[in-house]
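**Student:** The chain contents come next:
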Amino acid sequence: MINLIRLEFLKLRKKTRSWLGPIIVFLLIMIAYPLTVEFLQEKLEIGFFSVLWIAILISMMLATEDIFTEDFNDGFLELMVIQNSSFSLGVSIKVFAYWFLIGVPVSFLGFIFSYGTTGNFSLSISIFPLALISSYIFLNLFALGNSLSLNKGSVLGAIVTMPLALPVLIVLGKSLTALQLDINFLSFILLLLGSLSIIIVIIPLIVSYIIKAHLE
Amino acid sequence: MFNFAFNSFNEAIYMNGHGVFVWSVLIIVILTLYIFFISYIFKIKKIKKKLNESN
Amino acid sequence: MIKKFIHQFASPKTFISKVDTYYNFIFYSALLIYVLSIIWGILFTPEDFVQGNSFRIIYLHVPASFLSQSLYLAMGICSITFLIWRVKLAAYLIVAIAPIGAMATFIALISGSIWGIPTWGTWWQWDARITSTLILFIMYLGLISLHSSFSNYEKADKLLSWLVIVGAINIPIIKKSVDWWSTLHQSASITLTDKPTIDPVMLYPLIGTVIGFFGLIICLVLLSSKNQILIREKNKSWVKDYV
Chain A
1 MINLIRLEFL KLRKKTRSWL GPIIVFLLIM IAYPLTVEFL QEKLEIGFFS
51 VLWIAILISM MLATEDIFTE DFNDGFLELM VIQNSSFSLG VSIKVFAYWF
101 LIGVPVSFLG FIFSYGTTGN FSLSISIFPL ALISSYIFLN LFALGNSLSL
151 NKGSVLGAIV TMPLALPVLI VLGKSLTALQ LDINFLSFIL LLLGSLSIII
201 VIIPLIVSYI IKAHLE
Chain B
217 MFNFAFNSFN EAIYMNGHGV FVWSVLIIVI LTLYIFFISY IFKIKKIKKK
267 LNESN
Chain C
272 MIKKFIHQFA SPKTFISKVD TYYNFIFYSA LLIYVLSIIW GILFTPEDFV
322 QGNSFRIIYL HVPASFLSQS LYLAMGICSI TFLIWRVKLA AYLIVAIAPI
372 GAMATFIALI SGSIWGIPTW GTWWQWDARI TSTLILFIMY LGLISLHSSF
422 SNYEKADKLL SWLVIVGAIN IPIIKKSVDW WSTLHQSASI TLTDKPTIDP
472 VMLYPLIGTV IGFFGLIICL VLLSSKNQIL IREKNKSWVK DYV
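Chains as they are written, first to last, in my numbering: chain A, 1 to 216; chain B, 217 to 271; chain C, 272 to 514.
Rather than coming from a laboratory, the hints here were simulated on the basis of the structure.
From the three backbone atoms N, C-alpha and C, an ideal C-beta is built for every residue, glycine too.
Quick list of the computed label-pair ranges, beta carbon to beta carbon: (1) A:Leu27 / B:Tyr250: 48 to 56 Å; (2) C:Pro317 / B:Asn268: 53 to 61 Å; (3) B:Ser255 / A:Gln83: 47 to 55 Å; (4) B:Tyr250 / C:Phe276: 32 to 40 Å; (5) B:Ile244 / A:Val37: 33 to 41 Å; (6) A:Pro129 / C:Asp319: 42 to 50 Å; (7) A:Lys152 / B:Phe253: 29 to 37 Å.
Anything over 10 Å on all C-beta distances counts as not near chain A; from chain C, calculated: (8) Ile304; (9) Trp311; (10) Phe315; (11) Ile385; (12) Ile388; (13) Trp394; (14) Phe485; (15) Trp509.
Result set (PhoX-like, lysine-lysine): computed pairs, CA atoms no more than 20 Å apart in a straight line: (16) B:Lys261 / C:Lys284; (17) B:Lys264 / C:Lys284; (18) A:Lys174 / C:Lys446; (19) C:Lys505 / B:Lys259; (20) C:Lys505 / B:Lys262; (21) B:Lys266 / C:Lys284; (22) B:Lys266 / C:Lys511; (23) B:Lys259 / C:Lys511; (24) B:Lys264 / C:Lys511; (25) C:Lys507 / C:Lys359; (26) C:Lys511 / B:Lys262; (27) B:Lys259 / C:Lys284; (28) C:Lys511 / C:Lys284; (29) C:Lys507 / B:Lys259; (30) C:Lys289 / B:Lys264; (31) C:Lys507 / B:Lys266; (32) B:Lys265 / C:Lys507; (33) C:Lys507 / B:Lys262; (34) C:Lys289 / B:Lys261; (35) B:Lys266 / C:Lys505.
Start from the sequences and build out the full structure, keeping to the hints where you can.
**Tutor:** Here is the structure:
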């Protein structure tokens with residue numbers, strides 16, 4: 001298992017475009033935002049968090065663009081199935097590697113941008129765990145989309161899984177309101193964590209079945 | 217329970233200005249259902265014909 | 272035992288012969304109920320005190336809206352049946368239901384939009400129920416495009432089934448959206464647990480339109496699945512005998 005983790009991290013680190021690309025896209029969206037609403041603090045704060053969640057969503061979508069494609073084409077996935085090792089665990093590790101190298105930096109940048117825009121440290125630090133959890137959930141969902149549309153282009157996968165991200169966006173919006181009004185914020189974090197704990201078990205399992213269907 | 221809700225046929229069409237909405241929705245629903253039914257019946261006929269020809 | 276039962280009664284050949292036997296009866300009775308209930312609802316129910324005559328759109332909007340969610344649930348049940356018991360007919364049904372579900376959702380959206388003009392003063396509002404129904408419509412389109420992008424039907428069926436199951440998470444959100452958010456859209460008039468909030472004079476034709484529309488949609492699903500069976504099983508000897 002340790003070897004598998006090491007291998008996944010090494011593979012992703014070597015594909016610079018795969019991990020750096022989504023981070024740069026995130027940065028560009030966050031930088032582009034002020035350009036569209038004039039550089040006025042009040043105006044910037046109004047739509048900032050919506051843009052932040054959507055930027056995280058888009059960058060996670062781009063991150064998973066070719067999460068399984070290369071492994072599928074070079075036969076690595078087939079090898080894993082033949083070796084009879086826990087395939088869903090392999091998928092989990094892969095998604096975790098992507099989250100660690102893309103999701104975590106994006107969440108940290110989200111915190112920086114949030115602090116820069118609102119100037120409110122306690123609000124921004126509370127955004128950080130929300131971004132961490134939601135980016136992990138998004139990665140899992142888009143990994144599912146990518147597995148469904150293997151070799152059929154990433155757009156199809158994004159189309160079919162984007163609606164599944166809707167509940168997360170709703171909870172993010174609601175938790176932000178809770179944070180600003182200082183009511184029940186922790187319960188939203190727990191709700192997201194609960195969803196994540198289900199997703200990180202179920203999605204890799206489903207992805208493994210889907211990839212097996214592709215290989216059959 | 218079965219009393220005609222309007223005083224005249226024209227009133228039933230006009231419905232105090234709401235007729236345009238009610239009747240347009242009705243037309244859309246009927247048209248959509250009709251198109252779907254016809255297209256499936258046509259598709260089935262087409263495939264049956266194709267299969268008959270290949271037999 | 273369940274497996275044996277399903278396999279016995281879900282062979283495509285048996286299904287098609289049952290469709291041919293019962294189709295006309297279901298179609299004509301559903302059509303009769305639907306037409307009579309529509310006439311009853313649109314012309315014979317009293318005007319609503321608040322919404323005026325525009326409320327009559329309820330007889331066209333509610334059945335479509337109800338069916339748009341129910342059809343997704345039906346697809347979910349078929350997906351589970353297909354993945355667990357490998358029943359081919361279930362896979363054919365999923366593919367057959369998807370466009371019909373998209374159609375029902377389309378009718379719900381369009382009729383809702385038109386109803387919104389006289390009642391809300393706008394044809395579109397980013398309201399919880401409308402937005403979640405639009406997402407359901409996009410999900411149906413996504414399912415159709417996913418299945419059509421694979422030439423290998425067997426693979427496409429499996430992928431579609433998994434996506435349907437995962438996507439079912441959105442159904443309770445759509446159903447409960449009007450209760451969870453304070454939005455423009457009114458709460459459901461008829462529920463299984465509570466007393467209807469609608470007057471019986473208006474309720475009976477509504478039940479009639481729901482039943483009639485449900486019957487017509489079943490007929491469409493039967494036609495669509497028959498079409499699927501003929502396409503997929505075209506090389507089987509029984510199909511050659513059948514046509």
